[in-house]
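Residue numbers for the sequence shown follow the numbering used here, beginning at 2 and rising by one.
Simulated from the structure, these hints should not be mistaken for laboratory data. All C-beta atoms in this analysis are idealised placements derived from N, C-alpha and C, irrespective of residue type, glycine included. Where hints are given, some of them may not hold.
[To be verified] Taking CB as the label site, the calculated pair distances span:
#1 S147 / G82: 44 to 54 Å
#2 T118 / A18: 46 to 56 Å
#3 T47 / T118: 49 to 59 Å
#4 V26 / S183: 21 to 31 Å
#5 P224 / Q184: 14 to 24 Å
[Said to hold, decoys possible] Taking lysine to aspartate or glutamate and the DMTMM-like style, the derived pairs with C-alpha atoms no more than 25 Å apart in a straight line are:
#6 K100 / E71
#7 K28 / E297
#8 K254 / D169
#9 K196 / E216
#10 K250 / D182
#11 K220 / D182
#12 K193 / D169
#13 K14 / E142
#14 K4 / E79
#15 K239 / E282
#16 K100 / D63
#17 K185 / E216
#18 K196 / E142
#19 K251 / D169
#20 K68 / E22
#21 K185 / E215
#22 K193 / E142
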Amino acid sequence: MRKPTAESLEMAKYIYAFINEYAPVHKTTSGHTLKNYQTSLALYLTFLEKEQNITPAKLSIDCFSLKYIEGWMKWTKESRGCSAQTCNIRLGALRTFMKYLSERNPAYLSAYELACTIPSMKVPKRKIDGLSKTAVKQLLEMPKLSTKTGRRDLAFMILLYSTAIRLDEALSLKMQDVHLDSQKPYISIIGKGHKRRTLYLMPKVVVHLKKYIEEYHGKAPEPGSYLFYSRNVGTSGKMTQAAIDKMLKKHAKAAHLLCAEVPIGLHAHQFRHAKASHWLEEGMNIVQISFLLGHEQLETTMVYLDVTTEDERKALATLEYEKDENISPKWKNSDGSLVDFCGIR
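Model the full assembly from the supplied sequences, consistent with the hints where possible.
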């Protein structure tokens, strides 16, 4: 077997550093996103090795050319049976890595720019299933307030719905991010791309959170403790998404017997979509909603809420006005495989 070249060793080091050092610190705190980066790069390397006969000694920037990336997209869809949406997610992860690569070695910039020209696959428009206000009301009545766990569940669901934050954002909250005694109580969220945003809390949320914190954290909480923590690990470990999913489905099953509008297969993201939809129904400007949701692009919010063409025109006009007026918004290698060579586990 040929020995790895200087370039192949450099590429392997970049891949390893991106997955294990750069992405967790500079890109995201989301376990799901980090897993996507790892899986996507592992699948790409597997494609190169199994379908294109690329060995560790042959690994180079040429392996990230249009020919290989387009072939990988086709292989992902046809051979692996992945949906167009999944293929686009994989492509996005690869582009993120290639951008990282180009920033560390300008010689790789042209490869990244070419990768950006590859069009995403067309995805059928799918409306996200939200929750009606009636369904939300019924769900919030399900936790048993006579139990400590029930009071925790209610506090979590109220926070999730009232702020429309992502599940990982809620689970990543630490006591130092929660400011309930301020003149205007708020939480500080670290969202996608490590971007921080401030979300103000309504009185009802504050009341439930204060009761929950005193019961679960005591009168002097540690600033570094997770707001919602794992009972098995303690305050240094956040609750798992699996635990939240189990909790929500338990309450949804019971609520569905009383209100057919509550989906039995409830998941956390439906609270986020429901609140965004309710904000829109109540007349909140789409620009403010976009900020509260933590969307980087207004167009993302448009698609997310299935906004009409007329609503989009009004929103874009408002956005231009706010820009003009400067109005602040309110808110290493044992078996010779490429995967092992690059240190992806």
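Here is how each hint holds up against the structure:
Hint check: S147 to G82, Cβ distance near 48 Å, so the stated range 44 to 54 Å holds. In this structure, T118 and A18 break the distance hint of 46 to 56 Å, their C-beta atoms being roughly 26 Å apart. Restraint check, T47 to T118: a C-beta distance of roughly 24 Å breaks the suggested window 49 to 59 Å. For the pair V26 and S183, the supplied restraint of 21 to 31 Å holds, since their beta-carbon distance comes to about 29 Å.
Remark: the range hint 14 to 24 Å for P224 to Q184 is upheld by a beta-carbon distance near 20 Å. For a cut-off of 25 Å, the pair hint linking K100 to E71 stands: about 17 Å separates their Cα positions. Distance check on the hinted pair: K28 and E297 sit about 14 Å apart at the alpha-carbon level, within 25 Å; holds. For the suggested pair K254 and D169, the alpha carbons sit about 23 Å apart, so the restraint of at most 25 Å is met.
Simply put, K196 and E216 have alpha-carbon atoms about 31 Å apart, too far for the 25 Å limit, and the pair is violated. Only pairs whose Cα atoms come within 25 Å are accepted, and K250 paired with D182 is rejected, the gap being roughly 33 Å. Between K220 and D182 the alpha-carbon distance is near 13 Å, which keeps this suggested pair within the 25 Å criterion. Restraint check: the Cα-Cα separation between K193 and D169 comes to about 10 Å, which is no more than 25 Å; the hinted pair holds.
A threshold of 25 Å between alpha carbons decides the hint, and for K14 with E142 the separation of about 53 Å lies outside it, so the pair is violated. The straight-line distance between the Cα atoms of K4 and E79 is roughly 33 Å, outside the 25 Å bound, and the hint therefore fails. The straight-line distance between the Cα atoms of K239 and E282 is roughly 34 Å, outside the 25 Å bound, and the hint therefore fails. With a CA separation close to 15 Å, the supplied pair K100 and D63 stays within the 25 Å bound.
For a cut-off of 25 Å, the pair hint linking K185 to E216 stands: about 23 Å separates their Cα positions. Proposed proximity of K196 and E142 is contradicted: the alpha carbons are some 34 Å apart, above 25 Å. Proximity of K251 to D169 is assessed by CA-CA distance (about 20 Å); at most 25 Å being required, the pair is judged to hold. Under the criterion of a C-alpha separation no larger than 25 Å, the hint pairing K68 with E22 is inconsistent with the structure, at around 29 Å.
Between the alpha carbons of K185 and E215 the distance comes to roughly 20 Å, so the proposed pair stays at or under 25 Å and holds. As the CA atoms of K193 and E142 are separated by approximately 32 Å, the hinted pair breaks the 25 Å bound.
Figure legend: structure checked against the earlier numbered hints; hints not met, in rising order: 2, 3, 9, 10, 13, 14, 15, 18, 20, 22.
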